[in-house]
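Trainee: Each chain, letter by letter, is given below.
Protein chains: 4
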Amino acid sequence: MTKEPMFDVAQLAHFEIYSPKLEESVEFFKNILGMDEVGRRGNSVYMRAYEDHYHNTLIITENDEAGLGHIALRATSAQALERRVAEIEKTGYGIGWIEGDVGHGRAYQFTTPDGHKIELLWDVEYYEAPEDQKTPLLNRPQKRPNRGVPVRRLDHINLLASDTDKNVEFLKEVLGFNLRERIVADDDSSIAAWLSVSNLVHDIAIMGDALGESGRLHHICYWYGFPQHLSDVADLLIEAGYNIEAGPGKHGVTQAAFLYVMEPGGNRVELFGDPGYQIFDPSWRTVEWKGKDLEKSIIWHGSTLPQEFFQYGTPIKSGELVKP
Amino acid sequence: MTKEPMFDVAQLAHFEIYSPKLEESVEFFKNILGMDEVGRRGNSVYMRAYEDHYHNTLIITENDEAGLGHIALRATSAQALERRVAEIEKTGYGIGWIEGDVGHGRAYQFTTPDGHKIELLWDVEYYEAPEDQKTPLLNRPQKRPNRGVPVRRLDHINLLASDTDKNVEFLKEVLGFNLRERIVADDDSSIAAWLSVSNLVHDIAIMGDALGESGRLHHICYWYGFPQHLSDVADLLIEAGYNIEAGPGKHGVTQAAFLYVMEPGGNRVELFGDPGYQIFDPSWRTVEWKGKDLEKSIIWHGSTLPQEFFQYGTPIKSGELVKP
Amino acid sequence: MTKEPMFDVAQLAHFEIYSPKLEESVEFFKNILGMDEVGRRGNSVYMRAYEDHYHNTLIITENDEAGLGHIALRATSAQALERRVAEIEKTGYGIGWIEGDVGHGRAYQFTTPDGHKIELLWDVEYYEAPEDQKTPLLNRPQKRPNRGVPVRRLDHINLLASDTDKNVEFLKEVLGFNLRERIVADDDSSIAAWLSVSNLVHDIAIMGDALGESGRLHHICYWYGFPQHLSDVADLLIEAGYNIEAGPGKHGVTQAAFLYVMEPGGNRVELFGDPGYQIFDPSWRTVEWKGKDLEKSIIWHGSTLPQEFFQYGTPIKSGELVKP
Amino acid sequence: MTKEPMFDVAQLAHFEIYSPKLEESVEFFKNILGMDEVGRRGNSVYMRAYEDHYHNTLIITENDEAGLGHIALRATSAQALERRVAEIEKTGYGIGWIEGDVGHGRAYQFTTPDGHKIELLWDVEYYEAPEDQKTPLLNRPQKRPNRGVPVRRLDHINLLASDTDKNVEFLKEVLGFNLRERIVADDDSSIAAWLSVSNLVHDIAIMGDALGESGRLHHICYWYGFPQHLSDVADLLIEAGYNIEAGPGKHGVTQAAFLYVMEPGGNRVELFGDPGYQIFDPSWRTVEWKGKDLEKSIIWHGSTLPQEFFQYGTPIKSGELVKP
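Protein chains in written order, with my numbering: chain R, 1 to 324; chain X, 325 to 648; chain H, 649 to 972; chain Y, 973 to 1296.
Quick caveat, the hints were computed from the structure, so don't treat them as lab data. Be aware that a few hints might be false.
Unchecked claim - If you only want the chain X side, here are some residues facing chain H, beta carbon under 7 Å, derived: (1) A558; (2) P572; (3) G626; (4) S627; (5) T628; (6) Q631.
What the hints assert, rightly or not - Subject to a maximum C-alpha distance of 25 Å in a straight line, what follows is the list of computed DSS-like cross-link-like pairs (lysine-lysine): (7) Y:K1106 to H:K938; (8) R:K172 to R:K90; (9) X:K467 to R:K143; (10) R:K290 to X:K467; (11) H:K782 to Y:K1262; (12) Y:K1106 to X:K354; (13) H:K791 to Y:K1262; (14) R:K117 to R:K166; (15) X:K467 to R:K292; (16) R:K143 to X:K620; (17) Y:K975 to H:K651; (18) H:K940 to Y:K1106; (19) Y:K1115 to H:K944; (20) R:K292 to X:K458; (21) R:K143 to H:K678; (22) H:K791 to Y:K1268; (23) Y:K1264 to H:K782; (24) X:K354 to Y:K1002; (25) X:K458 to R:K296; (26) H:K782 to Y:K1268; (27) R:K134 to X:K616; (28) R:K296 to X:K467; (29) R:K134 to X:K620.
To be verified - Anything over 10 Å on all C-beta distances counts as not near chain R; from chain Y, calculated: (30) E976; (31) P977; (32) F987; (33) E1009; (34) D1036; (35) G1087; (36) P1117; (37) R1119; (38) D1137; (39) A1182; (40) E1280.
Using N, Cα and C, we set each Cβ at its ideal position, and we do this for glycine too.
Using the sequences and the hints given, assemble the complete structure.
Mentor: So this is what it looks like as structure tokens:
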């Protein structure tokens, strides 16, 4: 009998990005993507989308250069948290416990082999809307904002790594992620990989860093659920002078309708316009794209991707083709 | 510390409905919903949607009256299957093992307290498209049909029960379902309940049977992912003379865009036009609809529901308000 | 040879509604429908949608009771204006010239046989966006607002009349309107009629007033172009406490996706989510709905209409079933 | 006073394309675009979309090479037809009357200055659906097909010309077309021009032929009305092995959602997913794209255009960059 799957990690809970232009970044997420600022501490601003259930899902921290602060994963239980911490500690990638942050309690910090900081946590604070923001749609934590084209919830994060497979293995073995799709090189190594602990095709993607750097961020992603909203937000973005890198278009991997735009701090943001497909099969066979099929992997139809897409990440490194 | 959640059941794998008009039912699913017939055995026809990964998800079996044949759930592993069977046997609702059926291996049969037959299984057969039906969209098991307005995959099932809470408890305790939303009576009992083992709001819903009957079916549901398709299929349905019971409209519970129609055999079929919202939170607090909020629970906006919706189920019983 | 069609009237240019709650009405059109206030004079506020090309399309005037102020039609040329005025004067329904108003020059006022005030004009002022509102989408007069779910342009107006056919004849004979669709009573009189001078199915509709009153307004309509926006704005409306009378749903007549809501002043506002179908045929044969076909005329699918829809108009009269 | 506008031409009524692969072309329009074959005569097949009201709108004629057969315009009246013929005859571009064709009566043939054949007609035959194709949606001439992703109606045609302005002037002066938008070269000549007699932004577009050829076809266009259908049909096209040249994306000019694909005969076909914006203003000021604004004229967002788009037309000429 095969080994049983692990269910100790439930979801991507939030992420922190660095921005050299804090207020402009906040403005972008607030006025274009309709997100709310729910707190400030130190150099950090805490934000959420209107169907995010936790206190916050995006932290923007002022910093000299753009990039990833950290990723937070939520365990499926207090016991699962302890189990995972014990395993992480064995890998040598553990950092240690923190007391908590705005919106959550104690969390265990560690890194991927490539150096992306992750924290695993269980105790969370739920967002409670003020009276005038409560909605009769009881499964929605607050009213739909009437500002911008509001995103509904956090979706996923995509990381650049100097060695894709090494990081994929870490996520699989230590955290129980499932490898859903991958782009395969001639030597059968992974050029890119999409992994999830949920029914989404990915909560985390790992792509090879074309510059050979470690620990960089390719993009964060928020979710609409309706393709029309990508066209709507594209109007706002273009007319406000933001640079749409690609999209609206439709991915092959995930099948999702996408749009990529650089937020003012320089980090790439993806917006998902529909759910793509979802995976409920517990013995899912990884979808492998290679050879002649590669063409349809990233773009199924519509928009093409600029060369920059395959090089640019944050922090920005010398040698980048394009800077936003 | 609270008890850890159970992860032994992964998903709703398929369902069987009874039809007194077998060929007309098959025709409906084939020509309007764009599903494929993939096999026949005895009085049963096996069908699938084009993004269903298993061999089949719908079995239509000829029978004197409409209604539910059985529901199949897939375990998360071979071990999980054994564990659940051991627990089910203790409840007294077990029936026993069958050798398998078209598209899957051995399965353990049992019933809900209300008598709906369920089978739990692990071994499945994947659908393999013939060469001319293979698509470069590698995560899609076959080409999109160009017949009707094709549904993409199985979504959920909704059961009528003489006692909602008793069946909800069974699904929670014995199978590990999570109670996502419920409509609450004055005495705090559940009038209706939506439960899932996945990130969907429900894989199975249980609603009180207004006629006090046991073991009846309210509806089965297939999924589009795009609201436009509900308008498209409504055109086909109306012009082909089918009776749309309600919709397109938008639910409060699940937030999904819906349409209800009776298939020729008399069973109610729901079509979901979008993913609604999804639940990734491992400590989800059940959403409870009662009092003044009830109005928005079933219908958030758009179509209203006829009185029939709250009474009609299959098999049809005397005392029904409306017959299709 | 048949008589040649007349082309002297080009379009519906703007309308004026009365509101007993001026500022609340303005707030509704501004914050929910994303319209801009572009001027004030006396008790009137002038507003426009972001793809309206003229200075304004909606005038809201403070008044004891809700209702129609006037409708403005634009002639196809200065000569056409003179020709029509000469013909209107013969009918006895002429009132006379006014010097102009905010956004347009001299106009000739008259009434329908039922007493709805209309003005016909040629000289118009185009909207010129301030520098920070100019868009690179050169056929769009200003940027898309990022407030509410913004309507794109004025669409049509629907009038109640004590005698439908008499007013239809007036629009046809004196102004050159084409009768596109009608709902026919047993005696072949029109219960409702949709007329246009453009390729739209209607610029003006006339419906029989169930209370036998004269000169009342059924609704004004603005246009989105995408059905998704009806679902989006429904969220805003419900959560802001506005009363959606019906929809989103799809009409038989016009085929358009619709939603009806009462603005705070009491006037009914329709929102069109798509273009429906359009008429380019110069010898269009009026579509006639009667008998068994009637059921599908107003509602093709989705939402049903409350009884109120067939009685309520503004000004509100005693004997109304429902008041908002 | 300015000269009054002319209203003698009402609409684009049908077009004929040449195909070296007749049956494959018919198959494409039938099975992918859901059109119906309604007649055959000689080497020609007559087809229509399900919301086309006339007998046919597309004629495909077998021919050695692809290209334009002719365009048919419908006059606004029998008198208007005579008036236009008298004027056309004066230009020297007249050919003469034909007795009629499948679906229409006598027509006057002439050419544009560039040699594209046009016929102007008044007498048309309406499509009458067989009993089993009649729909209760009375403004729709037949049921929605359940084959492919069916287009709803003919939209426009785009012609290549050796001299854009000369042909624009002809359409304006002789036929009463209005110049809605144009792309302007440094010397103020038109690189491309969009003209209409209807409220559409264009019934006919003229673009400069990069190869300097005369009388070629750039594309014909059919209309959906809903952007989702472009994504749907893209699935069908890709999976059936057709070559999508560009799209889905959104145009600046017209604002319409578009997709371009080569039909098997080699002619480019555009599909419009929404109505874009429409023009009701009788004194419309031509929108002029030049300099820095050019970038947004063809593509507002989404898909980019390959170089081929600006060169390829039918008949295919040596010197073409790409052949389908």
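Trainee: For every hint, state whether the structure bears it out.
Mentor: Verification of the hints:
1. A558: Since the shortest Cβ distance to chain H is 4 Å, the answer is holds.
2. P572: With a minimum Cβ separation of about 5 Å from chain H (threshold 7 Å), the hint on X:P572 holds.
3. G626: With Cβ-Cβ at 5 Å, under 7 Å, it holds.
4. S627: Since the shortest Cβ distance to chain H is 5 Å, the answer is holds.
5. T628: At 6 Å from the nearest chain H Cβ, X:T628 passes the 7 Å test, so the hint holds.
6. Q631: Where the cut-off is 7 Å and the nearest Cβ of chain H is about 13 Å from X:Q631, the hint is violated.
7. Y:K1106 to H:K938: holds (16 Å)
8. R:K172 to R:K90: Roughly 15 Å separates the two Cα atoms, so the pair holds.
9. X:K467 to R:K143: violated (39 Å)
10. R:K290 to X:K467: With Cα atoms ~19 Å apart, R:K290 and X:K467 stay inside 25 Å; holds.
11. H:K782 to Y:K1262: holds (16 Å)
12. Y:K1106 to X:K354: Holds - the C-alpha atoms of X:K354 and Y:K1106 are around 22 Å apart, at most 25 Å.
13. H:K791 to Y:K1262: holds (19 Å)
14. R:K117 to R:K166: holds (15 Å)
15. X:K467 to R:K292: holds (18 Å)
16. R:K143 to X:K620: Answer holds: R:K143 to X:K620 is near 14 Å, not above 25 Å.
17. Y:K975 to H:K651: holds (23 Å)
18. H:K940 to Y:K1106: holds (14 Å)
19. Y:K1115 to H:K944: Holds. Y:K1115 to H:K944 sits at ~14 Å (cutoff 25 Å).
20. R:K292 to X:K458: holds (14 Å)
21. R:K143 to H:K678: Roughly 18 Å between the alpha carbons, so the hint for R:K143 and H:K678 holds.
22. H:K791 to Y:K1268: holds (14 Å)
23. Y:K1264 to H:K782: holds (14 Å)
24. X:K354 to Y:K1002: holds (20 Å)
25. X:K458 to R:K296: Since the Cα atoms of X:K458 and R:K296 sit roughly 14 Å apart, the hinted pair holds (cutoff 25 Å).
26. H:K782 to Y:K1268: Within the cut-off at roughly 14 Å; holds.
27. R:K134 to X:K616: holds (14 Å)
28. R:K296 to X:K467: Cα-Cα ~14 Å, so holds.
29. R:K134 to X:K620: Holds. R:K134 to X:K620 sits at ~14 Å (cutoff 25 Å).
30. E976: Holds, since 37 Å exceeds 10 Å.
31. P977: holds (32 Å)
32. F987: Holds: least Cβ distance 26 Å, greater than 10 Å.
33. E1009: holds (28 Å)
34. D1036: holds (32 Å)
35. G1087: holds (35 Å)
36. P1117: holds (23 Å)
37. R1119: Nearest chain R Cβ is 21 Å from Y:R1119, so the label holds.
38. D1137: Its Cβ never comes within 10 Å of chain R, the nearest being 30 Å, so this holds.
39. A1182: Consistent with the label, Y:A1182 stays out of reach of chain R, its closest Cβ about 22 Å off (over 10 Å).
40. E1280: holds (14 Å)
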